[in-house]
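Starting from the given sequences, assemble the full structure and let the hints guide the process.
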Amino acid sequence: MRYLTLIIALIIIPGAILAQDVVVDPADLANALDGDWDTYSGDYSGRRYSNLTQVHKENVSNLTLAWTTEVNFNVRRGNRDGTGIITQMGGEGRGDIDITSGSIKGSILEVNGVLYVTAPDHVWAMDARDGSEIWHYHWETRGGTHIANRGVAIWNDSIIFETPDNYLVSLNANTGEENWHTELASFELQYFSTMAPITIRDRVIVGTGNDLDQPGFLQAFDAATGELIWKFYTVPMSEDDPGIETWPNLDATSHGGGNAWVPGVYDPETDLYIFGTGNPTPGYTGVARRGDNLFTCSLVAVNVTTGELEWYFQTSPHDTHDWDSAQTPILIDGVIDGQSRKLVSTAARNGFFFTIDRVTGEHIVTNKYSRTANWESHVRETGEPEPNPDKEALIPGTLVSPVEGGVANWQPPAFNPNTGLFYTQENNGYNMLYLSDPDPRGSMGLGGKIRAEVGSVESAFQAIDYRTGEAVWRHEWPGGGGVNAGVLTTATDLVFTGDGRNNLVAFDGSSGDLLWNSRIGNSQ
Amino acid sequence: MRRRLKVLSVLILVWTFPATAQENQPELVIANPNAMFIQQQRALPPLEVIERGDDLYQVNCRLCHGPDLRGGDQGGPNLLRSDVVLVDIAGEAIGEVIVQGQGSMPTFNNFSNEDIAAVAGYIHAIKATSEGQGSTPPVDLELDILVGDAAAGERYFNQECSSCHSVTGDLSGISSRISDAYILQNTWVAGGRRQSGRGGVQTTATVSTQSGETLVGRLLRYDDFFISLRTEDGTYRSFTRRGDSPRVELDDPLYRHRELWAELTDSTIHDVTAYLETIK
Numbered sequence: 023m024r025y026l027t028l029i030i031a032l033i034i035i036p037g038a039i040l041a042q043d044v045v046v047d048p049a050d051l052a053n054a055l056d057g058d059w060d061t062y063s064g065d066y067s068g069r070r071y072s073n074l075t076q077v078h079k080e081n082v083s084n085l086t087l088a089w090t091t092e093v094n095f096n097v098r099r100g101n102r103d104g105t106g107i108i109t110q111m112g113g114e115g116r117g118d119i120d121i122t123s124g125s126i127k128g129s130i131l132e133v134n135g136v137l138y139v140t141a142p143d144h145v146w147a148m149d150a151r152d153g154s155e156i157w158h159y160h161w162e163t164r165g166g167t168h169i170a171n172r173g174v175a176i177w178n179d180s181i182i183f184e185t186p187d188n189y190l191v192s193l194n195a196n197t198g199e200e201n202w203h204t205e206l207a208s209f210e211l212q213y214f215s216t217m218a219p220i221t222i223r224d225r226v227i228v229g230t231g232n233d234l235d236q237p238g239f240l241q242a243f244d245a246a247t248g249e250l251i252w253k254f255y256t257v258p259m260s261e262d263d264p265g266i267e268t269w270p271n272l273d274a275t276s277h278g279g280g281n282a283w284v285p286g287v288y289d290p291e292t293d294l295y296i297f298g299t300g301n302p303t304p305g306y307t308g309v310a311r312r313g314d315n316l317f318t319c320s321l322v323a324v325n326v327t328t329g330e331l332e333w334y335f336q337t338s339p340h341d342t343h344d345w346d347s348a349q350t351p352i353l354i355d356g357v358i359d360g361q362s363r364k365l366v367s368t369a370a371r372n373g374f375f376f377t378i379d380r381v382t383g384e385h386i387v388t389n390k391y392s393r394t395a396n397w398e399s400h401v402r403e404t405g406e407p408e409p410n411p412d413k414e415a416l417i418p419g420t421l422v423s424p425v426e427g428g429v430a431n432w433q434p435p436a437f438n439p440n441t442g443l444f445y446t447q448e449n450n451g452y453n454m455l456y457l458s459d460p461d462p463r464g465s466m467g468l469g470g471k472i473r474a475e476v477g478s479v480e481s482a483f484q485a486i487d488y489r490t491g492e493a494v495w496r497h498e499w500p501g502g503g504g505v506n507a508g509v510l511t512t513a514t515d516l517v518f519t520g521d522g523r524n525n526l527v528a529f530d531g532s533s534g535d536l537l538w539n540s541r542i543g544n545s546q
Numbered sequence: 191m192r193r194r195l196k197v198l199s200v201l202i203l204v205w206t207f208p209a210t211a212q213e214n215q216p217e218l219v220i221a222n223p224n225a226m227f228i229q230q231q232r233a234l235p236p237l238e239v240i241e242r243g244d245d246l247y248q249v250n251c252r253l254c255h256g257p258d259l260r261g262g263d264q265g266g267p268n269l270l271r272s273d274v275v276l277v278d279i280a281g282e283a284i285g286e287v288i289v290q291g292q293g294s295m296p297t298f299n300n301f302s303n304e305d306i307a308a309v310a311g312y313i314h315a316i317k318a319t320s321e322g323q324g325s326t327p328p329v330d331l332e333l334d335i336l337v338g339d340a341a342a343g344e345r346y347f348n349q350e351c352s353s354c355h356s357v358t359g360d361l362s363g364i365s366s367r368i369s370d371a372y373i374l375q376n377t378w379v380a381g382g383r384r385q386s387g388r389g390g391v392q393t394t395a396t397v398s399t400q401s402g403e404t405l406v407g408r409l410l411r412y413d414d415f416f417i418s419l420r421t422e423d424g425t426y427r428s429f430t431r432r433g434d435s436p437r438v439e440l441d442d443p444l445y446r447h448r449e450l451w452a453e454l455t456d457s458t459i460h461d462v463t464a465y466l467e468t469i470k
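As you go down the protein sequences, you meet chains X and F in turn. Residues in the first sequence are numbered from 23 upward in steps of one, following this note's numbering. Residues in the second sequence are numbered from 191 upward in steps of one, following this note's numbering.
Since the hints were made in silico from the structure, they are not lab data. Be a bit skeptical, because a hint or two may be false.
Said to hold, decoys possible - Residues of chain X placed beyond 12 Å of chain F at every Cβ, according to the derived structure:
1. T109
2. R164
3. E210
4. N232
5. G248
6. E249
7. T303
8. S362
9. R363
10. V381
11. G405
12. P439
13. P460
14. D521
15. S532
Said to hold, decoys possible - Reference listing, derived: stretches of chain X covered by chain F, where coverage requires no fewer than 3 residues with Cβ under 8 Å from a Cβ of chain F:
16. 127–138
17. 233–246
18. 415–422
Using N, Cα and C, we set each Cβ at its ideal position, and we do this for glycine too.
Written as structure tokens, this is what we have:
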């Protein structure tokens with residue numbers, strides 16, 4: 023597939039005429055979300071809550087398709103008369119790996135009427151009014167896993183993004199010309215980078231992915247120069263590191279995964295960047311990594327100035343199902359037992375919802391939001407679900423829920439402070455899991471198992487009370503199947519998401535009534 | 191020995207990629223430009239060098255690093271995920287560890303440069319056979335999944351399944367028709383080879399319109415805003431849905447199976463599979 027169709031059904035462009043000088047002051051990212059969408063989650067909170075009120079429950083049914091455009095992956099050299107798109111080229115590859123297709127699987131940013139759209143090795147700037155291309159940048163890759171790119175960051179007048187072969191690249195936001203690039207992880211160790219960077223003050227926070235048993239880490243680079251400021255490993259890398267007691271030995275922990283591949287959130291009051299970590303590795307065979315495997319599958323708070331761990335809460339101790347906890351959490355200023363609290367909530371891939379005190383890391387709520395998840399034996403007094411070893415991949419087969427993709431995956435949830443509800447997808451299905459490599463040394467990566475799909479029981483969309491983890495309303499998607507779509511909510515209490523059946527839909531965020539749909543094509 | 195021969199046959203497959211440089215070159219040459227990982231992109235030395243590396247490995251390295259390079263009884267680390275192996279191109283990094291030792295690994299001063307290049311070539315050749323998502327090279331084991339109690343499975347079947355199924359009717363000769371026990375187990379738990387689509391178990395939809403029309407047919411597509419079906423006479427019909435209008439009732443023959451998944455224990459699954467395995 024050489025072209026992709028990008029469809030924008032809902033465009034709310036600020037009144038300003040298209041400006042050619044894009045400048046996003048990093049200080050603005052801490053403000054509530056209004057006209058522009060200038061960081062992965064719109065603002066630092068992860069709420070995906072827009073303050074715009076122009077579209078509301080009475081007029082949402084009038085929304086119609088504004089335009090569609092085909093995203094052009096080709097390298098173009100402009101027209102003879104000096105017009106047309108000239109693809110800006112970069113990269114450390116030899117130009118012999120053909121990456122001229124891909125899919126858009128990230129957040130599209132919007133600033134001053136310009137959209138910034140990505141696929142692996144590609145960035146496009148487009149006019150938000152009609153989808154026409156303003157510039158195109160193509161990175162010639164060295165290879166690596168080309169699964170996705172989750173979007174760009176904007177810092178002053180530069181665009182910063184990751185490449186699958188582990189470069190952090192800065193472009194001029196107005197022209198697409200490259201400012202600099204720097205290597206952020208080892209290509210030889212089979213890291214691959216997909217995360218949308220998050221800019222905070224003078225620095226850019228980046229994470230990476232890996233499937234070959236390498237340790238996860240989060241890094242801060244100087245947003246102006248690309249110089250490394252700090253590097254935080256998500257697993258212990260020496261005998262003195264915290265969490266080492268939850269691993270059998272240093273070889274296991276230093277090959278233990280926990281990759282930071284989905285953007286987290288930032289609390290300016292405490293200067294904490296709070297993010298979810300990936301699954302431990304080897305993914306399905308935990309035999310050589312007995313223990314809880316900190317800080318994999320955890321909510322982790324890191325001080326942005328120092329890069330040091332402030333607190334953690336493990337949402338999935340000793341995972342053996344590839345259910346990372348990388349899902350973007352949400353900062354909630356809420357009330358618990360009559361007391362105002364600074365909270366953070368997450369709906370994890372393993373089917374459990376958690377609310378944590380985001381200042382101290384104190385556990386407040388654990389509740390299973392999946393109707394079928396069957397992998398835990400009980401919830402510990404400290405709030406972590408305890409894995410049932412009988413639901414690991416075993417030679418004669420185990421019937422496990424959820425499926426590999428989880429109850430929810432990386433697609434972001436939303437929170438609306440008016441309704442007090444956390445909106446997430448809920449996918450309930452089963453797999454049979456067989457252990458195919460019972461070697462006591464454990465397998466590697468995601469190997470060592472055979473997975474057979476059994477089926478979907480149901481898929482639903484939930485509005486969860488962050489104080490209890492219980493659904494206040496729940497909409498079952500007709501026909502089952504997996505539904506993975508991100509969520510947006512507004513000051514008018516609308517909730518937008520995809521239904522997994524080619525519809526973009528709007529709910530009444532309070533009641534769960536469906537108010538509108540548009541059959542825009544693949545919406546997840 | 192059987193395993194070693196198998197490894198060599200895999201090596202030959204790797205070796206026959208087109209565009210592979212035939213000389214024993216020190217510099218990086220792209221062996222397979224379509225490969226996504228550098229360990230698969232790099233050229234390998236000639237087969238006789240790899241075979242010599244294999245011999246050297248078995249004598250000097252196997253005890254600690256294992257016959258499959260994944261670590262051995264003497265505590266040597268897994269070479270297939272080792273930083274040294276992953277960054278090495280043609281023995282320069284691996285050779286340093288061989289000659290100088292590392293941690294509890296002794297020095298091997300007797301290794302010549304040719305020996306180092308050969309062992310490195312052998313390690314890289316095995317590494318190049320690793321499968322995607324960080325997996326090991328293929329592990330080919332015959333694992334017996336038939337651990338259940340067939341008599342207990344029969345009792346469960348008679349109690350819970352026999353209202354819809356019969357081993358003399360629809361399931362007659364089931365284990366002859368599905369001879370692979372994995373597939374047999376996956377199929378009966380799921381409730382059929384495919385849950386939907388051609389040849390699979392079909393959901394029947396009954397659509398009652400406000401004008402009083404009632405249509406019955408095979409469900410095609412269904413969401414909150416739309417339903418389409420093919421009626422028994424082959425007619426395609428579709429309707430826009432608003433709330434409960436038109437009224438839709440679905441008859442999903444797998445409904446009971448979907449309920450069962452929450453109830454079934456793994457030992458019951460194994461028992462029923464063992465029972466069905468006896469239905470030849």
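Against the structure, the hints come out as follows:
1. T109: Its Cβ never comes within 12 Å of chain F, the nearest being 21 Å, so this holds.
2. R164: violated (7 Å)
3. E210: violated (4 Å)
4. N232: Label violated. Min Cβ-Cβ 8 Å, cutoff 12 Å.
5. G248: holds (22 Å)
6. E249: Consistent with the label, X/E249 stays out of reach of chain F, its closest Cβ about 23 Å off (over 12 Å).
7. T303: violated (7 Å)
8. S362: It holds; X/S362 is separated from chain F by about 38 Å at its closest Cβ, greater than 12 Å.
9. R363: holds (35 Å)
10. V381: holds (37 Å)
11. G405: At about 24 Å from chain F, X/G405 clears the 12 Å cut-off, so the statement holds.
12. P439: holds (27 Å)
13. P460: Non-interface label on X/P460 violated, nearest chain F Cβ at 7 Å vs cutoff 12 Å.
14. D521: Non-interface label on X/D521 violated, nearest chain F Cβ at 6 Å vs cutoff 12 Å.
15. S532: holds (18 Å)
16. 127–138: violated (count 0)
17. 233–246: holds (count 4)
18. 415–422: Result for this restraint: holds, n = 6.
Hints 2, 3, 4, 7, 13, 14 and 16 from the list above are not met by this structure, while the remaining hints are.
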